[in-house]
Amino acid sequence: GDSVTQMEGPVTLSEEAFLTINCTYTATGYPSLFWYVQYPGEGLQLLLKATKADDKGSNKGFEATYRKETTSFHLEKGSVQVSDSAVYFCALSGSSSGSARQLTFGSGTQLTVLP
Amino acid sequence: DAGVIQSPRHEVTEMGQEVTLRCKPISGHDYLFWYRQTMMRGLELLIYFNNNVPIDDSGMPEDRFSAKMPNASFSTLKIQPSEPRDSAVYFCASSRKGQLTNSPLHFGNGTRLTVT
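Top to bottom, those sequences are chains A and B. Mind the numbering: the first sequence is residues 1 to 115 in this note's numbering, read in order. Mind the numbering: the second sequence is residues 1001 to 1116 in this note's numbering, read in order.
It is worth saying that the hints were derived from the structure and are not from the lab. Note that the Cβ used here is the ideal one computed from N, Cα and C, for glycine as well. Any given hint might turn out to be false.
[To be verified] For lysine-lysine, the following DSBU-like pairs were computed, each having C-alpha atoms within a straight-line distance of at most 30 Å:
#, chain 1, residue 1, chain 2, residue 2
1, B, 1097, A, 68
2, A, 52, B, 1068
3, B, 1078, A, 60
4, A, 56, A, 68
5, B, 1024, A, 56
6, A, 60, B, 1024
[Claimed, not checked] Calculated Cβ distances over 10 Å to all of chain B for the following chain A residues:
#, residue
7, 22
8, 67
9, 102
10, 107
11, 108
[Said to hold, decoys possible] Here are some chain B residues the structure puts well away from chain A; computed CB gaps all over 10 Å:
#, residue
12, 1015
13, 1016
14, 1018
15, 1065
16, 1068
17, 1071
18, 1114
All chains should be built: construct the whole structure from the sequences, respecting the hints.
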């Protein structure tokens, strides 16, 4: 079945540092890929998405590129802020009719940014 | 847009008791999902509905778990009897019809359940 493997955390960075959170996936066909963010005490929010190979999703300074050859969707940000402290989840939705409406999540990566 | 509303935010109960979690999806959304989040297993999809009809409940762990959606604006997840291993954060999410890339999930703030 489909699966998502995420870089284990927690990750602690200083403000303005460069961020990379690795994500690789296993899926049949052509899944869509997502990054969700969860702030303390809240539900998950969609951060960015990509639907096909070489697509780059971006939002709030975060970027991720859909790499089919390496089955990866790594999240990056050039300069993190304290307000970026949260848990980040990589996820995919399958390409078949049965799996297209279901998200498979990675285990999540806790990011803490220190001032 | 009030967002997905879940209640209660926190629930503490004793083993063997019945627990009911509630969810009000965003108005106009056709899909409703129940997820469970634990440290050990991460986020797991329990069940989802389309137009109030359960479509896939293969993630429901046991017969102790049941979910209903009597109308488009309300859903419940019930655990009877509850056990300590059911302790988790339970999220409800909703979305419009269409692919998830165009109709993303909107999550509620979750219910933190503790079973002692």
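These are the hints, each one checked on the structure:
For the hint linking residue 1097 of chain B to residue 68 of chain A, the alpha-carbon distance of about 27 Å falls within 30 Å, and the restraint holds. A hinted pair counts as satisfied when its Cα atoms are at most 30 Å apart, and residue 52 of chain A with residue 1068 of chain B does not qualify at roughly 35 Å. A threshold of 30 Å between alpha carbons decides the hint, and for residue 1078 of chain B with residue 60 of chain A the separation of about 38 Å lies outside it, so the pair is violated. Between the alpha carbons of residue 56 of chain A and residue 68 of chain A the distance comes to roughly 12 Å, so the proposed pair stays at or under 30 Å and holds.
Simply put, residue 1024 of chain B and residue 56 of chain A have alpha-carbon atoms about 33 Å apart, too far for the 30 Å limit, and the pair is violated. At roughly 29 Å between alpha-carbon atoms, residue 60 of chain A and residue 1024 of chain B fall within 30 Å of each other, so this suggested pair holds. Even its closest Cβ contact with chain B, about 16 Å, leaves residue 22 of chain A beyond 10 Å, as expected for a residue assigned away from the interface. The claim that residue 67 of chain A is not at the interface with chain B holds, since no C-beta of that chain comes within 10 Å of its own (minimum 17 Å).
Residue 102 of chain A, annotated as away from the interface, has a beta carbon of chain B within 10 Å; the closest lies near 6 Å. The beta carbon of residue 107 of chain A sits about 5 Å from the closest Cβ of chain B, which is not more than 10 Å, so the claim that it is off the interface is violated. Listed as outside the interface, residue 108 of chain A is inconsistent with that label: its C-beta sits roughly 6 Å from the nearest C-beta of chain B, within the 10 Å cut-off. Every Cβ of chain A is farther than 10 Å from the Cβ of residue 1015 of chain B; the closest lies at roughly 26 Å, confirming the non-interface assignment.
With a least CB separation of 29 Å from chain A, residue 1016 of chain B remains clear of the 10 Å interface cut-off, as annotated. Every CB of chain A is more than 10 Å from the CB of residue 1018 of chain B (nearest about 25 Å), matching its label as outside the interface. Every Cβ of chain A is farther than 10 Å from the Cβ of residue 1065 of chain B; the closest lies at roughly 18 Å, confirming the non-interface assignment. Interface exclusion of residue 1068 of chain B from chain A stands, the closest Cβ pair being 19 Å apart, more than 10 Å.
The claim that residue 1071 of chain B is not at the interface with chain A holds, since no C-beta of that chain comes within 10 Å of its own (minimum 21 Å). Interface exclusion of residue 1114 of chain B from chain A stands, the closest Cβ pair being 15 Å apart, more than 10 Å.
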